[in-house]
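Participant: Counting from 1, position 242 in the sequence shown corresponds to residue 242 in the working numbering; the numbering is continuous, with no gaps.
By construction, these hints were calculated from the structure, which means they are not laboratory data.
Misleading hints may appear alongside valid ones.
As the list claims (entries may be wrong) - Below, in silico cross-link-like pairs of lysine to any residue (SDA-like), each with a Cα-Cα straight-line distance of 25 angstroms or less:
1. K69 with D17
2. K210 with N149
3. K169 with N141
4. K5 with M65
5. K69 with T44
6. K242 with Y161
7. K5 with Y97
8. K250 with G207
9. K27 with N38
10. K242 with H200
11. K210 with K242
12. K89 with S99
13. K181 with N225
14. K274 with K69
15. K5 with N225
16. K250 with S159
17. K5 with N141
18. K258 with K69
19. K27 with Y97
20. K148 with S119
21. K27 with K242
22. K210 with Q144
23. K242 with K5
24. K142 with I183
25. K5 with D75
26. K150 with K103
27. K5 with Y104
28. K150 with Y121
29. K69 with S174
30. K27 with H200
31. K142 with Y161
32. K16 with K210
33. K150 with K170
34. K69 with F59
35. K250 with K274
Stated by the list, open to error - Label pairs and their computed distance ranges (CB to CB):
36. K103 with N225: 34 to 40 angstroms
37. M65 with K142: 34 to 40 angstroms
38. V184 with D257: 46 to 52 angstroms
39. R198 with D135: 24 to 30 angstroms
40. N25 with K142: 41 to 47 angstroms
Cβ coordinates follow ideal geometry from the N, Cα and C atoms, glycine included.
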Amino acid sequence: MYYLKNTHLKNFCGYKDISLSFSHNGKYNPISVFFGPNGEGKSTLLHAIRLISNPYQFFGRENDMFFRKLVFNEDYDPVIDGYMESKHKLSLRAEYYDSNGEKYNSILDHKGLVESSLSRYNSDQDGWSMYCDTDHPINMNKFQLYSKNKNIFLSLARSVYGLEVSLEKKIESSWIDRTTKEIVEFYQDFIINKKEVRVHFRRMSDGEKKIATLLRFLCDEVTFNPSNIVAIDNIDMHIYFKRHSILIDKLVELFPDKQFIITTHSETMINHVKKSFGKHCVYDLENIKH
Numbered sequence: 001m002y003y004l005k006n007t008h009l010k011n012f013c014g015y016k017d018i019s020l021s022f023s024h025n026g027k028y029n030p031i032s033v034f035f036g037p038n039g040e041g042k043s044t045l046l047h048a049i050r051l052i053s054n055p056y057q058f059f060g061r062e063n064d065m066f067f068r069k070l071v072f073n074e075d076y077d078p079v080i081d082g083y084m085e086s087k088h089k090l091s092l093r094a095e096y097y098d099s100n101g102e103k104y105n106s107i108l109d110h111k112g113l114v115e116s117s118l119s120r121y122n123s124d125q126d127g128w129s130m131y132c133d134t135d136h137p138i139n140m141n142k143f144q145l146y147s148k149n150k151n152i153f154l155s156l157a158r159s160v161y162g163l164e165v166s167l168e169k170k171i172e173s174s175w176i177d178r179t180t181k182e183i184v185e186f187y188q189d190f191i192i193n194k195k196e197v198r199v200h201f202r203r204m205s206d207g208e209k210k211i212a213t214l215l216r217f218l219c220d221e222v223t224f225n226p227s228n229i230v231a232i233d234n235i236d237m238h239i240y241f242k243r244h245s246i247l248i249d250k251l252v253e254l255f256p257d258k259q260f261i262i263t264t265h266s267e268t269m270i271n272h273v274k275k276s277f278g279k280h281c282v283y284d285l286e287n288i289k290h
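Use the sequences and the hints to build the structure in full.
Facilitator: Here it is in C-alpha cells:
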C-alpha cells in the first residue's frame, strides 16, 4: 500500500506551478488540511491527487481532449477551452512510498500517462487514492452498512453526533466473504436517539444524512478498498462546529494506517489540526498559490 510523499502540479487548472509535501520527518501526515476562500482550488487539488494516483486509466491512448480542459489558461471560457490547445503544457508528478520505505513515482502530462511505478492491482477501482463522494444525492438516498463495521461505525457516530445511536434491519446479501466464506450481511437503517424520540435515516435532516453517509462511506470503503490515501471534500459541511475536532481525532484513532487529505472552511478544524498534528499538516492555499 502507498502513502503520498509529495506532488507537483504545473499548469493544472488554476495552478501554474506548485509543489506540496505530505510527509514530515520521514513519516506521512496522518491528516492534511487544505483551506482557503471559495474558488481557491481546494477541490482541484483533490482531483489532481485522484488522477495522479490512478495513472493507468490513461495508458495506451492519447487523452489530450480530456486534459485540455484541465490545462492552465489565463482566460477561462467553457465554450472554447476544451477545444483549443493551450500554449502551456500540463504536468502532474507525485512521489509515494510504502510501509517499508520503498519509493515510487507517477507522472502524467497533457496527453496522459508518462510513467508510473505504482502497482496496477488497484487500477480497476479508484487507483491508489479513495475519494469519499458523500455529497452525491444517490449516496445520501439510502443507508447501507457492512455488518462487520458495526462497532467502528457506532463509535464514530456517537462521537460526532453526541447522541446515542443504533443500527437496525440487518439483511443477507448474495455476496460471500472470500476470507470467512460466510454470507455478507448489511444494515439498512440507522437511528439517532434524541431523548425519547427515535429518528430513522429516511426522516433525518439533510445535515444528519450527510454525516451518516460520510461515516458509512468511510467504514465500508476503507474495508473494501485497499487504498491508504483517503480524500474528503468539505468534510465539515453540516457538522456542528464543536464536533469538528472530535471527528478528526476519531478518524486518526480508528484508521491509523490511512492518510487523510481533506478540505475545509472550518477555523475550528484548522486550529485543532495545527495544535494536535503540527503546522506542516495545514495548507493555506491563498498564500501558497501567490
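Participant: Under the constraints set out in the numbered hints, which ones does this structure not fulfil?
Facilitator: Failing hints, ascending: 4, 9, 12, 14, 17, 18, 20, 21, 23, 25, 26, 28, 29, 30, 32, 36 and 38.
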